[in-house]
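Chemist: Take a look at the letters that make up each chain.
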Amino acid sequence: MSEDAPIYSPFFGVMGAAAAMVFSAMGAAYGTAKSGTGIAAMSVMRPELIMKSIIPVVMAGILAIYGVVVAVLIAGQLKPPPEYTLYKGFVHLGAGLAVGLSALAAGYAIGIVGDAGVRGTAQQPRLFVGMILILIFAEVLGLYGLIVAIYLYAK
Amino acid sequence: MSEDSMLDLKGQTSHSWPAQEDPDPSVSFASFLSVLKYCGLIILAPIITFFGCKAGLGVWGLAPADHAGEGIAANVMSAVAAIVVLHLALGVFIYKAYFEGTPAKKRLGKQE
Numbered sequence: 001m002s003e004d005a006p007i008y009s010p011f012f013g014v015m016g017a018a019a020a021m022v023f024s025a026m027g028a029a030y031g032t033a034k035s036g037t038g039i040a041a042m043s044v045m046r047p048e049l050i051m052k053s054i055i056p057v058v059m060a061g062i063l064a065i066y067g068v069v070v071a072v073l074i075a076g077q078l079k080p081p082p083e084y085t086l087y088k089g090f091v092h093l094g095a096g097l098a099v100g101l102s103a104l105a106a107g108y109a110i111g112i113v114g115d116a117g118v119r120g121t122a123q124q125p126r127l128f129v130g131m132i133l134i135l136i137f138a139e140v141l142g143l144y145g146l147i148v149a150i151y152l153y154a155k
Numbered sequence: 001m002s003e004d005s006m007l008d009l010k011g012q013t014s015h016s017w018p019a020q021e022d023p024d025p026s027v028s029f030a031s032f033l034s035v036l037k038y039c040g041l042i043i044l045a046p047i048i049t050f051f052g053c054k055a056g057l058g059v060w061g062l063a064p065a066d067h068a069g070e071g072i073a074a075n076v077m078s079a080v081a082a083i084v085v086l087h088l089a090l091g092v093f094i095y096k097a098y099f100e101g102t103p104a105k106k107r108l109g110k111q112e
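Respectively, the protein sequence lines represent chains A and B. Using the UniProt record's numbering, read the first sequence as starting at 1 and increasing by one per residue. Using the UniProt record's numbering, read the second sequence as starting at 1 and increasing by one per residue.
Chain B with its partners taken away, still in its complex shape (with noise of 0.2 angstroms):
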C-alpha cells in the first residue's frame, strides 16, 4: 500500500496532514516508554498475581478447604485475583489514554 493510498482511507489528502519527521524524538520517546510501561503492567500483573496468589494461598492456608483437597478453591480465587488486577491495569491505562491525547494535541498545535 503506498503512502498516498494510506492518507486517503477516510478521505483525508496528505495536504491536510502532510507527512513530516517527528519533531521532537524525546516526546515520542516519552510516550513510547509510557505505552510500554503501562502494555507491561497489563500482561505481566495478572500473571504474577495469578502464580503469587496460587502460590500464596497454598501456603498460607488461606484458601477454603475443597472436597478433593486439589487445591481447586485456591487455583479460583487466584484466578479471579488476576482478573480483578488486569481489569484494574487496564481501568488505569484507559484512564491515562484519555487524559494524554489533549495535552500533545496542544503542544502539536502550537509548534505548528
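So here's chain A without its partners, still in its complex pose (with noise of 0.2 angstroms):
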C-alpha cells in the first residue's frame, strides 16, 4: 500500500457514491411528501386538476434520479486500493455530496412550492405558470450540483 493509495482510499469512494443517493433521495422524499399534502387537500375540491397538480411530484422524484445518476458513474470507478488512490477518493466524495446535497436543497425547495402552488393554482389558475417557473428555478439548484458533480468525477 502506497501513500497515495492507503487501505481505506475506497471508503470516500463509497461515501461519495451513498451520499449521493441518500441526499438526493432525501430531498425527492421530502419534495414528494410535502407537495403530496398539498395535492391531497386541493383534489377534494378540484379532482380535474389532478394532472396540473402532479407536476411538482415529477420533480422531485426526477431528483433523485440525478443521485442514481450520479451514485452508478462513482460506483462503476470503485476498484481496489493500489488501483484507486485517495484523490480519487477525495474527489469522488466531493461528487457525491455536491449533487446529494444540492438535491436536498432543491427538493425542501420544490415541497414548500409544490405544496402552495397547488393549493393556489386550484383558486387562481393564473397561478400555475409561475409555479411552474419557480419549481424549474428550485429544480436547477439540484441541476447545477450534478453538472459540478459531473465535473468532478470526469477530473
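Just so you know, these hints were derived from the structure itself, not from any lab. One or more hints might be untrue.
To be verified - Output of the computed footprint for chain A on chain B, the stretches with three or more beta carbons under 8 angstroms from beta carbons of chain A:
1. 33 to 39
2. 43 to 50
3. 90 to 99
Glycine is no exception: its CB is placed at the ideal position from the N, C-alpha and C atoms.
Put the complex together from the two separate chains, hints included.
Modeler: This is the structure in C-alpha cells:
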C-alpha cells in the first residue's frame, strides 16, 4: 500500500456514492411528501387538476434520478486500493456530496413551492405558470449540483 | 384529519365543492393512464438512455478516448444524454398538463 493509495482510499468513493443517493433521495422524499399533502387537500375540491398538480411530485422524483446517475457513475469507478488512489476517493466524495446536498436543497424548495402552488392553483389557475417557473428554478439547483458532480467525476 | 377540515384548508367550505362520487369512471381512468404513461416515461427513459448509451458507446467506440482508458468519457456522455432525455420528457409532461386541464374543466362544468 503506497501513501497515495492506502487501504481506506475506496472508503471516500463509497461514501460519495452513498451520499449522492441518500441525500438526493431525502430531498426527493421531502418534496414528494410535502407537495403530496397539498395535492391531497386540493384534489378534494378540484379533482380535474390532478394532472397539473402532479408536476411538483414528478420534479421531486427527478432529483432522485440525478443522485442515481452520479452514484452509478462513481460506483463504476471503484476498485481495490492500489488502483484506486486517495485523490480519486476525495474527488468522488466531493462529487457525491455536491449532487446529494444540492438535490436535498432543491427537494426542500420543491416541496414548499409545490404544496403552496397546487393549493393556490386550485383557487387561481393563472398561478400555474408562475408555479411551474418557480419549480423549474428550484429544480435547476439540483441540476447545478449534478453538473459540478459530473465535472468532478471527469477529473 | 376529517373531511371537513381538509375542505376548509384554504377557506373553501363543503357547500361550494360538495364531496361527490366520480361521475364518469372512464374519464378518471383515462386521466390515470395518462399520468401513469408520462410518469413511466420520465422514470424509465433516462435510465434506459443512460445504460443504453453506456453500452452502445462502449461497444461502438463512439466516445472519445480518455487518459485512463476507463470509459469516463463514455460515462459522462451517457449521463448527459440521460439528463437531456429526462428534461425532454418532463417538458412534454408539463406541456400535456398545461393543455389538458381546460377541456376537463369544461367537461365537468357541462355535467353540472
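Chemist: Taking the hints in turn, state whether each one holds.
Modeler: Verification of the supplied hints:
1. 33 to 39: holds (count 4)
2. 43 to 50: holds (count 4)
3. 90 to 99: The restraint on the stretch 90 to 99 of chain B holds, since 6 of its residues have a Cβ under 8 angstroms from chain A and three suffice.
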